[in-house]
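Trainee: One-letter residues, chain by chain:
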Amino acid sequence: MSAAVGIIRRIGRFVISAVEHAGGIALFAAEGLSNLVRPPYYLRVFGKAFFDTGFLSLPVVALTALFSGGVIALQSWTGFSQYHAQSAIANIVVLSVTRELGPVLAGLMVAGRVGAAMAAEIGTMRVTDQIDALTTLRTNPMKYLVTPRLVAGMVALPLLVVVADILGVAGGFTVAVVKLGFSPTSYITSTINSLKAEDVTVGLVKAGVFGFLIALMGCYYGYKSRGGAQGVGASTTSAVVSASILLLAFDYLLTDLFFAQ
Amino acid sequence: MIDAAMATVPKIRIRGLHKSFGEKVVLDGIDLDVQEGTSFVIIGGSGSGKSVLLRCILGLIEPDGGSIEIGGKDIVTASSRERSEMIGEIGMLFQNGALFDSLSVWENVAFGLLAPGKRERADRHPRLNRVEARKRAGEILMQVGLDPSVGDLSPAELSGGMQKRVGLARAIADQPEILFFDEPTTGLDPIMGAVIDGLIVDCVKRLGSTAIAITHDMASAQRIGDEAAMLYRGRLVWQGKASSLMDSGNEMVDQFTHGRREGPITMELRR
Numbered sequence: 526m527s528a529a530v531g532i533i534r535r536i537g538r539f540v541i542s543a544v545e546h547a548g549g550i551a552l553f554a555a556e557g558l559s560n561l562v563r564p565p566y567y568l569r570v571f572g573k574a575f576f577d578t579g580f581l582s583l584p585v586v587a588l589t590a591l592f593s594g595g596v597i598a599l600q601s602w603t604g605f606s607q608y609h610a611q612s613a614i615a616n617i618v619v620l621s622v623t624r625e626l627g628p629v630l631a632g633l634m635v636a637g638r639v640g641a642a643m644a645a646e647i648g649t650m651r652v653t654d655q656i657d658a659l660t661t662l663r664t665n666p667m668k669y670l671v672t673p674r675l676v677a678g679m680v681a682l683p684l685l686v687v688v689a690d691i692l693g694v695a696g697g698f699t700v701a702v703v704k705l706g707f708s709p710t711s712y713i714t715s716t717i718n719s720l721k722a723e724d725v726t727v728g729l730v731k732a733g734v735f736g737f738l739i740a741l742m743g744c745y746y747g748y749k750s751r752g753g754a755q756g757v758g759a760s761t762t763s764a765v766v767s768a769s770i771l772l773l774a775f776d777y778l779l780t781d782l783f784f785a786q
Numbered sequence: 407m408i409d410a411a412m413a414t415v416p417k418i419r420i421r422g423l424h425k426s427f428g429e430k431v432v433l434d435g436i437d438l439d440v441q442e443g444t445s446f447v448i449i450g451g452s453g454s455g456k457s458v459l460l461r462c463i464l465g466l467i468e469p470d471g472g473s474i475e476i477g478g479k480d481i482v483t484a485s486s487r488e489r490s491e492m493i494g495e496i497g498m499l500f501q502n503g504a505l506f507d508s509l510s511v512w513e514n515v516a517f518g519l520l521a522p523g524k525r526e527r528a529d530r531h532p533r534l535n536r537v538e539a540r541k542r543a544g545e546i547l548m549q550v551g552l553d554p555s556v557g558d559l560s561p562a563e564l565s566g567g568m569q570k571r572v573g574l575a576r577a578i579a580d581q582p583e584i585l586f587f588d589e590p591t592t593g594l595d596p597i598m599g600a601v602i603d604g605l606i607v608d609c610v611k612r613l614g615s616t617a618i619a620i621t622h623d624m625a626s627a628q629r630i631g632d633e634a635a636m637l638y639r640g641r642l643v644w645q646g647k648a649s650s651l652m653d654s655g656n657e658m659v660d661q662f663t664h665g666r667r668e669g670p671i672t673m674e675l676r677r
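Going line by line, the protein sequences match chains Z and P. First residue of the first sequence: 526, per the numbering used here; consecutive thereafter. First residue of the second sequence: 407, per the numbering used here; consecutive thereafter.
Chain Z extracted, bound-state conformation:
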């Protein structure tokens, strides 16, 4: 009897803690976004966050997209050639890249690179009193540190996904033409015929949501860091893991919202 009570108590504690945690993140996000209509605005901080998130992530996102596009072409060829349906490869590559792989892979790469960096930077600022110092200098830390990064994430990731879409398709094209012997003209024609504005748009919407989630997790866990270097390390891990899981969960929800008939 007492063992059962203990288990129920533990489950209860876990649920309460999870709800409290989710509520904390929601309030943090609401405060960060509400500053969009409450000046002052820190354009210099936004510019730096945008540069770090967007421009400096370009190589890793570009390479990931290029190779992924190539892998899809190869794998689809392996499967579809059994049914003499090789002509569908261009269609599969462009559909997978614009709808899913572009936003998801770019998001995961940025979560690993930028989300971790945000959590580490803000976490270090927390444990070395730099955030308190901001307050003593009449600067609201949420407005200065969090809001510009949230906006930078929302703006930069869709731009990265445009690049990822182009290079993903280019990767598929290169493999199809060089390795699988497709005619360049027919592959490009098939790609253009398969390309739908709706797919690209939904991919970009997903990217905006993912960018927000990555920045939110990086800022939240960094801001709540405690206990020196170990605490900052734990925050960085939590930021990357939670951003990656949330990203995939929201990918499902958005796919269901936009594409489920």
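No wet-lab data here; the hints were simulated from the structure. Quick reminder that beta carbons are idealized off the backbone N, C-alpha and C, glycines included. What you were told as hints is all true, and nothing was included just to trick you.
Stretches of chain P that chain Z covers, calculated by requiring three or more beta carbons in the stretch to come under 8 Å of a beta carbon on chain Z: (1) 455-468; (2) 493-503; (3) 506-514.
Go by the hints and put chain P onto chain Z.
Mentor: Structure of chain P alone, referenced to chain Z:
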């Protein structure tokens, strides 16, 4: 008559201040008056509540009870906007400098001068543009004994003593009415500690500010302070002239200032 009454109102008045973290009582009913223009030093061992007291006055930690009046206004019950304005009158030198790593030294020093929330006051420099702020930062760096060319360096390129000086420059940049110093000489060699203390005394006198410093460095306490108090287990157990710290006649202060193992102060068992 009114002037006489105003003159007796302390710049900082604390009454019945309580703060606990869980079951641990950190501040247990602090009453303290700091008169305008006074340099006040609070001494006490590690974990005695000095930093928490300073952070409560700064509005960085919400106390559980009591009042903290700055210039006659209670910061505890003030609205967030009023609180922000009150904090804006305080310059703070943090224990580890707390310089912003992502900014250059001059941007650190001029941060408050460039802050969009800066309140305009006739007796202060107005809000500056970046070119003016760069020049002003150079002047302030000279006041703390640093060459203006240091302004182009990153905080990570500075020694501990230089970081303290830059932290001091940032604290005094906007000519605050109140200055707080959290362990200003910790981590410095004795000579550099004396240099920093000298700079603190010069800055406080030049600005006519009211200052509160917390420290467990007795030499520093006597150099900086006019008045002093000792905090032990969340209570102020002694208050008097800083010059009398070494012969206060109080057993606890004597044990602390002379570093004796035996006496009324006992090591608390950590739980």
